[in-house]
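Undergrad: Listed below, chain by chain, are the residues.
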Amino acid sequence: MSGANGLNLTLKVWRQKNDKDKGQMETYQVADISPDSSFLEMMDILNEQLIEEGKEPVAFDHDCREGICGMCSMYINGEAHGPGRGITTCQLHMREFNNGDTIYIEPWRAKAFPVIKDLVVDRSGFDRIMAAGGFVSVNTSGNTQDANAIPIPKADADKAFDAATCIGCGACVASCKNASAMLFVSAKVSQFALLPQGRPEAAERVQNMVKQMDEEGFGNCSNTGACEVECPKGISLENIARMNREYLSSSFKKEEV
Amino acid sequence: MSWFKRTFSSSIGRKFAMALSALFLLIFLLQHLAINFTSVISEKTFNSLSHFMGTNPVVQFALQPVLIFGVVFHFMMGFILEIKNKSARAVRYAKNDGSANSSWMSRNMLWSGLFILFFLAFHFADFWIPEMVYKYVEVNPSDPNRYYEEVVHMFENPIRVAVYCLSFVFLALHLLHGFQSAFQSIGARHSKYTPAIVKLGKLYSVAVPALYIFIAVFHYLAH
Amino acid sequence: MSVLDSKIPEGPIKDKWTNHKNNIKLVNPANKRLIDVIVVGTGLAGGSAAATLAELGYNVKAFCYQDSPRRAHSIAAQGGINAAKNYQGDGDSTYRLFYDTVKGGDYRSREANVYRLAEVSTNIIDQCVAQGVPFARDYGGLLDNRSFGGVQVSRTFYAKGQTGQQLLLGCYSAMSRQIGKGKIKMYNRHEMMDIVKVDGKARGIIARNLITGEIERHSAHAVVIASGGYGNVFFLSTNAMGSNVSAGWKIHKKGAFFANPCYTQIHPTCIPQHGDQQSKLTLMSESLRNDGRIWVPKKKEDAEAVRAGKLRGVDIPEEDRDYYLERRYPSFGNLVPRDVASRAAKERCDAGYGVGTNESGEAVYLDFSAAIMRYGQEQANIHGEHDASEARVRELGEDVVEKKYGNLFQMYEKITADNPYKVPMKIYPAVHYTMGGVWVDYNLMTTIKGCYCIGEANFSDHGANRLGASALMQGLADGYFVLPYTIGDYLANDIRTGSISTDSPEFEEAEKSVKDQINFFINNAGTKSVDHFHKRLGKVMWNKVGMARNEQGLKEAIEEIKQIREEFWKEVKVPGVADGMNLELEKAGRVADFLELGELFARDALLRNESCGGHFREEYSTEEGEAMRDDENFTHVSAWEFKGEPSDAVLHVESLVYDNIELKTRSYK
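First to last, the protein sequences are chains A, B and C. Following my numbering, the numbering of the first sequence begins with 1 at its first residue and continues without gaps. Following my numbering, the numbering of the second sequence begins with 1001 at its first residue and continues without gaps. Following my numbering, the numbering of the third sequence begins with 2001 at its first residue and continues without gaps.
Worth flagging that the hints you see were computed from the coordinates, not collected in a lab. Positions of the beta carbon are idealized from the N, C-alpha and C atoms, including for glycine.
Pairwise CB distance ranges (calculated):
no.: 1; chain 1: A; residue 1: K12; chain 2: C; residue 2: K2535; range: 26 to 36 Å
no.: 2; chain 1: B; residue 1: A1100; chain 2: A; residue 2: E256; range: 36 to 46 Å
no.: 3; chain 1: B; residue 1: A1090; chain 2: C; residue 2: D2199; range: 50 to 60 Å
no.: 4; chain 1: B; residue 1: V1217; chain 2: C; residue 2: S2389; range: 54 to 64 Å
no.: 5; chain 1: C; residue 1: F2520; chain 2: A; residue 2: Q49; range: 17 to 27 Å
no.: 6; chain 1: B; residue 1: D1126; chain 2: A; residue 2: E255; range: 50 to 60 Å
no.: 7; chain 1: A; residue 1: K12; chain 2: C; residue 2: K2298; range: 45 to 55 Å
no.: 8; chain 1: A; residue 1: R95; chain 2: C; residue 2: K2007; range: 54 to 64 Å
Here chain A is said to cover these stretches of chain B; the calculated rule only asks that three of the stretch's residues, wherever they fall, bring their Cβ under 8 Å from a Cβ of chain A:
no.: 9; segment: 1009-1021
no.: 10; segment: 1088-1098
no.: 11; segment: 1173-1187
Chain B side only, calculated, beta carbon under 7 Å to chain A, not exhaustive:
no.: 12; residue: L1081
no.: 13; residue: N1085
no.: 14; residue: N1101
no.: 15; residue: S1102
no.: 16; residue: S1106
no.: 17; residue: R1107
In isolation and in its complexed conformation, chain A is listed as follows (with noise of 0.2 Å):
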């Protein structure tokens, strides 16, 4: 029996034992959802009756569960993080979809993004492009200057925030007909690009990036735009315009050493 507003759904769910697993999807039921419940609150309700029937339940990336830490990545109805704008999965709640409705939640698909396990993807790619160059070489000393020496405009202290709020969650590349990973990249660039303590390496720093990005099997960018209307954060494309002149600048003014 359900209760007054519950929800009985249809999932189609993505099953992979291993990285070396084919995989399949698999359908379950799940019924009296409340619709004030989270989409991954849900899930720990198929979990529940999973385990309850003896079943392994299915393996999903969560963390904070309040859309900052970038860990919760499902694609839903063919959707990154499902309808819904500015959201991640864990923001995504039960109140979005219909009595009866079948909802498919697949992992992110890229190949520089492999499955782990069921809707767990591997996107240490991101880190290695982080470690090739997304950062500025300054050491902790407690003698840096005063941080008020270099005034900044607020302009640019405002994009290059809206850049650096990007959560890592890998949601542009998932939506991506490419898999590219570029507005991820830029972000990083833009937010470095922007503030004068990154610019003294800015030019490595794009090279850098870029090459380790191309190096993990991301595909190229069509400017589709659809990493950001899926982006939990909104990061713009102007992002990657910016890295798109940054690299080339560099390209063809940067001396060769």
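Take the given structure of chain A and dock chains B and C to it, following the hints.
TA: Just chains B and C now, kept in the frame of chain A:
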């Protein structure tokens, strides 16, 4: 690896090259349209311009190869990028809703591009190859007044006119995404100018193919 | 004489840290290359420590259970970070920050540690700006500040509502740089399962690779625990789902004392629980209390009607609303400190005036309509619209409120589907931060030699209550500016030790016990899921060891937790395999530790016969329900030594001496 090779084998460098060839082709399309359009206005002007283009050594032996290179490069690079992009996602989604976040045009540049490629083959067979044979194989005498007649003759066939019209619809779709995309790829984006570029892009993408279609239909109906 | 030696340096408080740094041993750069340090946890404390240690030249091995260091829960901190920069020229100073922090902590923190924290706070801001952290700036291009609860100066640096994220990404960048250089070896998706002691010194850890399930031995000359707080012992909290006490608890079981476990911060402005299916609570920044007024209905029947869904808060007339904070605390009103605001909300809900839609009716209103109209009128005056209609004033006011709190309002609407511009928000307190943690000395070393504990995981700087925007400050101070120096004093003796072998019997034994526990979980023929037990534990903790505690409840809680724990070891069911990714298995290990900590937590609360900061005992309160501290008997740190069962733990006491600050009663009347 030399810096040049490194740059143009990177993802951004390839897109840059793609965009440069696209911008070049955008200019070519305008020039081609301008000459074609004279056929609607004045037979004489059209013939004299066509004759100039067809016989001027700079056009024939310098600009024409560059154009052919540009076209071939744009297609080849398009295919290379497409192969790379396809391989970046080995396993497809069981359910994917592309229309939720992007335009049909942006997702189907390959198909609109391929259609244009078939059109080009058709167009070459129609005009360019006979022209080359006429001039350089058979080495016929120069006739400055033959061009208009040839065009009119071509557009007597309704099937050909239909194929032309359809092709230009695909060109419009290709341009609707391609125009602004080219600017994005070379990093030309600015809060002040980009809105104008986007508007210009839409205007260009609709007006230029529409005028090509107009010319074909005009000749079909007028004769 | 206590067995606890806090190692606080001699001398006047303002010179202690400088003198200490001048006198501790250093390790020369060539020797640093021969020394390995393990850092567990990559939040603000662990991340900054790992990066700095690697910059100094040590070989660092860093571990996190998430898929990347960037995901540690420091990322969720919203409000800001305090620093005594005095950029606003409003009279701030190191001493004032020190004073506010000690007072805010209800005089239960160590003076010397807090002073050092205030002292290095300014370096943090310099360091972060140099790293490219995009703090908010004013139109002149200089850094902006805002003020935060309980203080009289503007010393909080911020990056919109995402300060924690920006600071953590700064740390992560610094780490990435060292990972790229090979100075940090990063172990993502690895969980520390136990610490390994050789000859009484911390010499490594046993870790589980969460992808392959492999049990790995890692050795080092020192181990740094930076694994965060244990708020998830309540099941529902604002912590991340994976946040756990296990690293801290494992070292506790191997000899590290656990201090003040009962000090828990309950944050007053969280989104209320919607029902039983809830997995986690979401915090709304404290800054909302600057403009929101908190109330419940004056009449019980109105509250009942709201709970039954028959009446909307917005329809209750002004005269039937009880603005209880303004009523009880006229001078601070809605801006009383977190612990006071939280308890007042609980008091009203317990009395039957709550407006929540869940079973217990736990929610109060946070209403912006007055602020909207006030701002709207102001704007109307500015624009010269002197006869603006009410609707127009409201519209103008909503614009102002949107500029100030837009992202928070949006977040609220996403979760609740209510529009907070039109109807009052519903809020309720939730577990947010734990001031208690592993006991450490001035050098941040635990009672295990060579084992350090930093950030929220230790107990040191916040006393019984933490001030807003101080958690980020402490995490980064420990990681960037304190530990990297103090650890050298210990490691200087290890320059000839050479690399530590993992083939010793100690590693063997530790690995075996880890494997035994895993095998037990996998093979146990239980019938109930891990969450089943975690939820039960959480309910006991919340109801009896939560915002308000009493002797009877705590005694019951101790018994109930014991029972749940016994049942857990009999009845827990963990599906899946040991040699592969198994999220249930991970949870089982963590909940097993929570079940032990919970009991110690309740014992600690039971023994502390006073009310201070986040610890409120109903017996020790005034008639008006205000907290009563007992400075005579409880001006000390309670540090627990593990002896087998939580009930056997032995209490050690570190007396707190206040030479620079006079102890006063906090009053917000």
